[in-house]
Amino acid sequence: MDETLSTLARADGARLKAFAETLIPALGDVEVVQSRSGLVMLPMRDTAQGVAFHLGEVLMSEAHIRRSDSQGYGMRRGHDLEASMAMALVDLAMAEGVEQAACEAFCAQEAQALADADTDVLRRVEATRVNMETF
Amino acid sequence: MAYVATRGGERAIEQSERLFREEMGAFDQARVDEVKRSLPYLIDRVMGEASLYDEDLAALALAQTGGELYEAVLLLRAWRTTQPRLTVAAPVEQDGLFTHRRISAAFKDIPGGQVLGPTLDYAHRILATEVLEGGTYAPEPVEPAAHSAPAHQPAVSAWQAENDLIDLPEDDETKGNDIPDLTREPLLFPSKRAHTLQSLARAETGGVLALGYAAQRGYGQAHPTVNELRLAEAEIAVTHPDGRSFSAGRVKVSQAEVVDKKGDKLRLGYAATFGWNEVKCIAAATLDLNAPGAEKGSATEEEFFLYHTEGVESSGFCIHFKLPHYVTFQSSLDAMRDAKAKKAAKEPQMEPSSSEAVGHEKSEPAE
Numbered sequence: 001m002d003e004t005l006s007t008l009a010r011a012d013g014a015r016l017k018a019f020a021e022t023l024i025p026a027l028g029d030v031e032v033v034q035s036r037s038g039l040v041m042l043p044m045r046d047t048a049q050g051v052a053f054h055l056g057e058v059l060m061s062e063a064h065i066r067r068s069d070s071q072g073y074g075m076r077r078g079h080d081l082e083a084s085m086a087m088a089l090v091d092l093a094m095a096e097g098v099e100q101a102a103c104e105a106f107c108a109q110e111a112q113a114l115a116d117a118d119t120d121v122l123r124r125v126e127a128t129r130v131n132m133e134t135f
Numbered sequence: 001m002a003y004v005a006t007r008g009g010e011r012a013i014e015q016s017e018r019l020f021r022e023e024m025g026a027f028d029q030a031r032v033d034e035v036k037r038s039l040p041y042l043i044d045r046v047m048g049e050a051s052l053y054d055e056d057l058a059a060l061a062l063a064q065t066g067g068e069l070y071e072a073v074l075l076l077r078a079w080r081t082t083q084p085r086l087t088v089a090a091p092v093e094q095d096g097l098f099t100h101r102r103i104s105a106a107f108k109d110i111p112g113g114q115v116l117g118p119t120l121d122y123a124h125r126i127l128a129t130e131v132l133e134g135g136t137y138a139p140e141p142v143e144p145a146a147h148s149a150p151a152h153q154p155a156v157s158a159w160q161a162e163n164d165l166i167d168l169p170e171d172d173e174t175k176g177n178d179i180p181d182l183t184r185e186p187l188l189f190p191s192k193r194a195h196t197l198q199s200l201a202r203a204e205t206g207g208v209l210a211l212g213y214a215a216q217r218g219y220g221q222a223h224p225t226v227n228e229l230r231l232a233e234a235e236i237a238v239t240h241p242d243g244r245s246f247s248a249g250r251v252k253v254s255q256a257e258v259v260d261k262k263g264d265k266l267r268l269g270y271a272a273t274f275g276w277n278e279v280k281c282i283a284a285a286t287l288d289l290n291a292p293g294a295e296k297g298s299a300t301e302e303e304f305f306l307y308h309t310e311g312v313e314s315s316g317f318c319i320h321f322k323l324p325h326y327v328t329f330q331s332s333l334d335a336m337r338d339a340k341a342k343k344a345a346k347e348p349q350m351e352p353s354s355s356e357a358v359g360h361e362k363s364e365p366a367e
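Protein sequence lines, in the order shown, are assigned to chains L and X. 1 is the number of the first residue of the first sequence in our numbering; add one for each residue after it. 1 is the number of the first residue of the second sequence in our numbering; add one for each residue after it.
Misleading hints may appear alongside valid ones.
[As the list claims (entries may be wrong)] Chain X side only, calculated, beta carbon under 8 Å to chain L, not exhaustive:
(1) Ala89
(2) Gln114
(3) Val115
(4) Leu116
(5) Ser148
(6) Ser157
(7) Asp171
(8) Arg202
(9) His240
(10) Pro241
(11) Arg244
(12) Val253
(13) Leu268
(14) Thr273
Worth flagging that the hints you see were computed from the coordinates, not collected in a lab. Note that the Cβ used here is the ideal one computed from N, Cα and C, for glycine as well.
Based on the sequences and whatever the hints tell you, model everything.
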């Protein structure tokens, strides 16, 4: 799994859009190949017989853009075309080496926020661990 | 039996829909947000049965239908048919789940231990009536542990297979659009396993519970024990155009394995669904466990439970009985009158009363 893309896909939407705005002047003209919402089918593995089956579909937003030989891509949960386009812009900027340090800093900051949120959840989950004794 | 098209009543029909919607009043984004925030488990149930994961759409459907669950699910199922399919994600694997709750009733000491997660299983069921007297219901906050629970845990069944308690087949490697899909193919019997599990994932919770409960009470061949129950978040693993795989976000899922001992090995039943709905998963896994060798027409026979727990079809069939069947009833009335006339001809001394004659005229339905 690519950690940078995974981080951008779950990054805070408002912060992602605000940061991507700052990249637009430096990126200049980009070709928009795709900007749409739609459904992604999500299969799951049955642990009893090892068969993959469809749990159902998830509403997602997708953006695919190009600049010279590089491409940027964004896919995020929900109907938010601006957020998926913002993800694609950051991805494209990193592919082109545009504002590389700022992009890496943004991704690191968002990755830390997501990790902190996960840690908070898992500490609360750990509080429900049960050690059973039989007698 | 035959049906005919009828005309008339357009104004009444329009006004009846207006009456339904008027009684709920206007609603806006704030109502949708409030539904989403305050009823997460209902949202999960609707997303599971609709087979469409999006909390905003599920909350909108609930707000628009006033909580009429069958209508809400129908709205979402209809909406999803209008949307393009962007791609098929990689299959969610058990050991990749971000786990919030994982328990086993069959084995006390499962590897990784047992975490209860969010549950009311051990709570006193006391209605918070103080709220109706102006008070506020403020739950006690969780006291987080000093360290984190493991985010990922292996399947209990994998541990059992390692200990020769269970036989597990190799993983089926079918991927992407080759995975059998009920939304594009009919459900035929014997059902493909992928169809069975997809159908149970979309099944109506109450229907699954009723049939699963029947099996649990002894109307099936196998009594279930929960081998593993899990509430978790699953990653949606998709692919960048340049080939890099990444997680495009997480969705809540629940899954259950139930187990039965026959012979010298354990046998598993399995089910999973969108959202956190463990009752549905345990009941559905019970049906899966009981399906092999079930008697034709029994509640645990696959064809029986898959057809009868498809909520949109079964509620639609039930509802259609409210629609006029005038020709059917007209022909039935004609047959009844004919039989009565023949009987009267054989018994000329029996005169029909005047009230019966009037009743005939009044009971005749309009065409």
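Now for the hints, and whether the structure bears them out:
1. Against a cut-off of 8 Å between C-beta atoms, the interface hint on Ala89 (chain X) holds, since the closest Cβ of chain L lies about 5 Å away.
2. Using the Cβ-Cβ criterion of 8 Å, the hint placing Gln114 (chain X) at the interface with chain L is satisfied: the shortest such distance is roughly 5 Å.
3. Because the smallest distance between the Cβ of Val115 (chain X) and any Cβ of chain L comes to about 5 Å, under 8 Å, the interface hint for this residue holds.
4. Because the smallest distance between the Cβ of Leu116 (chain X) and any Cβ of chain L comes to about 4 Å, under 8 Å, the interface hint for this residue holds.
5. For Ser148 (chain X), the interface hint holds, the least distance from its beta-carbon to any beta-carbon of chain L being 4 Å, beneath 8 Å.
6. Against a cut-off of 8 Å between C-beta atoms, the interface hint on Ser157 (chain X) holds, since the closest Cβ of chain L lies about 5 Å away.
7. The interface hint given for Asp171 (chain X) holds, since its Cβ lies 4 Å from the closest Cβ of chain L, which is under the 8 Å cut-off.
8. Because the beta carbon of Arg202 (chain X) sits about 7 Å from the nearest beta carbon in chain L, less than 8 Å, this interface hint is met.
9. About 5 Å separates the beta-carbon of His240 (chain X) from the nearest beta-carbon of chain L, less than 8 Å, and the hint is met.
10. For Pro241 (chain X), the suggested interface contact is upheld, since its CB lies about 6 Å from the closest CB of chain L, less than 8 Å.
11. Given the 8 Å rule on beta carbons, the hint for Arg244 (chain X) holds: about 4 Å separates it from the nearest Cβ of chain L.
12. A distance limit of 8 Å between C-beta atoms decides the matter here; for Val253 (chain X) the minimum to chain L is near 7 Å, and the interface restraint holds.
13. Satisfaction of the interface hint for Leu268 (chain X) is found here, the shortest Cβ-Cβ separation to chain L being roughly 4 Å, below the 8 Å cut-off.
14. For the restraint placing Thr273 (chain X) at the interface with chain L, the shortest Cβ-Cβ distance is roughly 7 Å, inside the 8 Å limit, so the hint holds.
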